[in-house]
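Kindly generate the complete structure, drawing on both the sequences and the hints.
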Amino acid sequence: MAGEKHGTTSGGLVKTVQQAGAIAFFILGGFILWDASHFRYLTAIGPGPGFFPVWVGGFLVVLSAGLFIQASTSEATFADEEFVPDRDGIRRVLSTLVALVLFVWALERIGYSPTAFAFSFVLLIIFGRTRIVISLALSVLVSVVLFYIFNHLLGVRLPSSPLGLWPAIGI
Amino acid sequence: METFGFLMQGFAVALQPNYLLLALAGCFIGTLVGVLPGIGPSAGTAILLPLTFQLEPAGAIILLSAIYYGAQYGGTITSVLLSVPGEASSVVTCFDGYPMAQQGRAGSALCVAAVGSFVGGTVATFGLVVAAPTMVAIALQFGPAEQFALMVLGLSLIMVLAGKSVVKALIMGMLGLILGMVGMDPTAGVPRFTFGQMHLLGGLDLVVVVMGLFGIGEILVSLEKKAAPAISASIRSLLPTREEARQSVAPIARGTLIGFALGLIPGMQPSLSTFVSYMAERRLSRTPERFGNGAIEGVAGPETANNAFVNAALIPLFTLGIPTTATIAVLQGAFMMHGVLPGPLLFRDHPDIIWPVIASLYVGNALLLVLNLPLIGIWVSLLRVPYALLYVLILIFTLIGAYSITGSSYGVGVMIFFGVVGYALRKLDFPLAPLVLTFVLGPLIERALRASLQMSNGSPSILFESWTSTVLLVAACLILLSSVPRLSPVNLNEAREDNE
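Same order as they appear, the protein sequences are chains A and B. The numbering of the first sequence is this note's numbering, which starts it at -18 and goes up by one. The numbering of the second sequence is this note's numbering, which starts it at 4 and goes up by one.
In short, the hints are calculated from the structure, not lab data.
Mimicking SDA-like on lysine to any residue, the simulated pairs with C-alpha atoms at most 25 Å apart in a straight line are:
hint	chain 1	residue 1	chain 2	residue 2
1	B	K430	A	F64
2	A	K(-4)	B	A427
3	B	K430	A	I4
4	B	K167	A	S53
5	B	K430	A	V43
6	A	K(-4)	A	V43
7	B	K167	B	V424
8	B	K430	A	G(-7)
9	B	K430	B	L396
10	B	K228	B	C97
11	B	K167	B	A283
12	A	K(-4)	B	K228
13	A	K(-4)	B	K430
14	B	K228	B	S384
15	B	K228	A	S76
16	A	K(-4)	A	T54
17	B	K228	B	L431
18	B	K167	A	S55
19	B	K430	B	S225
20	B	K430	A	R68
21	B	K228	B	V423
22	B	K228	A	L75
23	B	K430	A	D67
Put into structure tokens, the structure is as follows:
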């Protein structure tokens, strides 16, 4: 087993997470069944819109119950240390998620170029601990150059920026 | 012979400068995708799909197909030179390819891999041309019941072969079916699972979902670990010795057969064909102790099998409309985005699209052979680009891609949501391929099932009225039942490899 190979016997966290996953799918299956009850199961000419969801939701409920039992009665398939990344890894993942959410929020409010610039700059610093000057230069490249390529060469319309100097230079 | 006439017409189109350029661009981009760790062929194809919007259907499919099989060769380069497989299907090449590189024989390994890939891909494409008319003729006889049974059989294979945990694969299948139901009911026109959201009335976009699951999700997993610095072996000569060439012939032939046969099976993992080929070569060798220490057969066979698999896997898509891997499901999405439905009617209704695409498979395989060996230095130098910049660029591309498809930041938000879902599912060892495949096939399955039951006034006996549908459904049941003894926890490494 992987956990024993690495000199640990842990896996309690992994087991708990696996059980939580099974419960989440169980709830999802139950929701599908409940929502499908609002549609007609059968009509005069055959199966209605509720037919397929009922079966899919039902199968999901049964399968997730089976998964919960499997997760509860079996050894964890890998150690907690393999499941949880180190501090730097957590930092990189969380900062990426936050940056992605902020990108979506800002994209149509301040336009693509400033949004992409900020996104790139922050992540370059966080990922690679790159020097600020280099990160600034690369971020300008990513934001401005890609805007021109996609907007003008490939015909992919990206939101323009209403901010300050950006419209003055056509972005 | 009529088939070969169509193929010649396809060549006449595929060899036009614009399509040649697209095939070339696809091979180049695909190799790049394969070289870069952290982004697999599924994500790479999905991320680049929006770039094909401006192209007409044949050109778009030629480009994306070239990216698809180009990525397989790109993974070989890093396997040989760095012992870092760019794709899961390139893992086996590390066993003997990297030792060969350490012995100064990297050029031989890469050359044999390129030639083997060309042979495997070309023979598989020839198999497509030969088999297509027969398979199409059979499929055109299928009614809704047979179509339903065939798709159920395909999905049962996918579930059973997706990994060691069949339960997890089945759950992913159900999840994919649920995602496929979002939007308007295909028959009654009633909105389902839209939660009052106008954006969801048209359903979830396949490309956005795949970009999130495979693109964002893969990158988040990669970000957990700090990227290791690359140490590259040098290349002295690109040509193998006469002895190495002689030793490669039989493995290339066997690899072609193995890859072609396995590529036809829905749910089969590309990496499995390489492992099967490697084990076969080691078993057949008179000097098996050489394997793992730089045996050329350990590169020739698996690399050939890999490319034969990749091209053979297109046969069920083109002839039956059944995608067999996640990447091919993305290709199917590309077809549908351009208004073309893969399947038996494709050859009848769109010969002007499918035959140039098939001809371009030959052309693309030849381009890969000619291009990639001289450009090896460029690929290796790309690996020196800091991972921080690579990840940022890939993220930006996915964000732009999602926005270009949906035209709103809502779509980008959906992609990020599925990115988080993909990340969580990977952490919990759920295979993603069944989710994508059922997401694509789910609406078709529902439509076929409901059409069948409407014809029989709701009686399920219609599914067993013909021998074809009966045999297919019984086979599906047997396949699922055969997996019952394997209701055991899955190995982390094997499940993660299945998500490639």
